[in-house]
Amino acid sequence: MKRLRWIGLAACLWLQPQAHAEYGDVVLNKRSDQQGMRPVVFPHWFHRIRFRCKVCHQELGFKMRAGANDVQMSDIIDGKFCGMCHNDRIAWGPDRCDLCHSALPRTPAGIVGGAQTSGPGRW
Amino acid sequence: MKPLRRRPGRWLAAALVLLTAAALAATSLWTRLEKDGVHDPLGPAIGVLQQPGEALESLPRDSAGNQVNWVKAIDSGAINPRTNILPETKVRVPDKDMIIARYGSMPAVKFPHRQHTLWLDCANCHDHLFKAEAGANRFSMMAILNGEQCGLCHGAVAFPLTECNRCHSVSNASLPPRTAR
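Protein chains in written order, with numbering that gives the first Met the number 0: chain A, 0 to 122; chain B, 0 to 180.
Bear in mind the hints are in silico, worked out from the structure with no lab data behind them. Watch out, some of these pointers could steer you wrong.
Claimed, not checked - According to the in silico footprint, chain A covers these stretches of chain B (three or more CB under 8 Å from chain A):
#1 48–62
#2 75–86
#3 116–122
#4 148–161
To be verified - From chain B, some residues computed to sit far from chain A (all C-beta separations above 10 Å):
#5 Ala100
#6 Met105
#7 Val108
#8 Ala135
#9 Arg137
All values reported here derive from a predicted model rather than from experimental measurement. Just so you know, even glycine gets a beta-carbon here, dropped at the ideal spot from N, CA and C.
Next comes chain A alone, as it looks inside the complex:
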């Protein structure tokens, strides 16, 4: 019986899904699902290799709390928020919809990736 328990435990470990997003990934889904698009995944890790936090959180005006920013596609196309770089000059332009709108449909908005506290705040 004892042995069976150990085998069961090992099997659980083996079958346990290991999927988790990267630390600091943010899912944006205020409107995407409603409008028939996949939600957006914003990977902090990718961006911080290329830009310091202050570029987006100071120059571009992104508030430092997931959910606090109201980002509309029309603003991005006008060169605000993501559109400051995603303009076909620094990074791909807003016509490459699927590269940002890349989450599984109905993924809830918020910060994902195994943040180990209840941060980033109540929002």
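Following the hints, position chain B against chain A.
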């Protein structure tokens, strides 16, 4: 009779343990996008977007978060992320160390401005999160764990709050007794 009957179970257990160990050893520190539970594995972005492992593998290693020591990544020259996009932006990098001591059971906190201004601008924290005056702020671990104050970044994108000693790093005994708060 007895040992023979026991063997199949033992072999099965050993095989499972070995398989698990092999699986763990083969697992990269970073999950591939199509398997991360967030990206749509059938979406057209998979195959175009950079994989985390590809980008992060060569950076200085850490034991938490993205498994990358991001400050060391800049200091060592492994990366040199842009500081500004607008040419007129003033890049401010004050570097004063602040000691926050309450002489409790935990070591005092050293807040190094340098490691923060390497990434952030003064206005990201001052003055809406912290007054720019030593001793003028009330810190609370409850608030921080709730994602306020330091917890706005630490626990979300900066190293997590399980890394107590990285902030609580100054022995109270090494400080002048009960001077500043």
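Consistency of the hints with the structure:
1. 48–62: Holds, because 6 residues of the stretch 48–62 of chain B bring their Cβ atoms closer than 8 Å to Cβ atoms of chain A.
2. 75–86: holds (count 7)
3. 116–122: Held - the stretch 116–122 of chain B has 5 residues with a Cβ nearer than 8 Å to chain A, which meets the minimum of three.
4. 148–161: holds (count 10)
5. Ala100: holds (23 Å)
6. Met105: holds (17 Å)
7. Val108: Holds, since 17 Å exceeds 10 Å.
8. Ala135: holds (21 Å)
9. Arg137: Consistent with the label, Arg137 (chain B) stays out of reach of chain A, its closest Cβ about 17 Å off (over 10 Å).
Hint violations for this structure: none, all hints satisfied.
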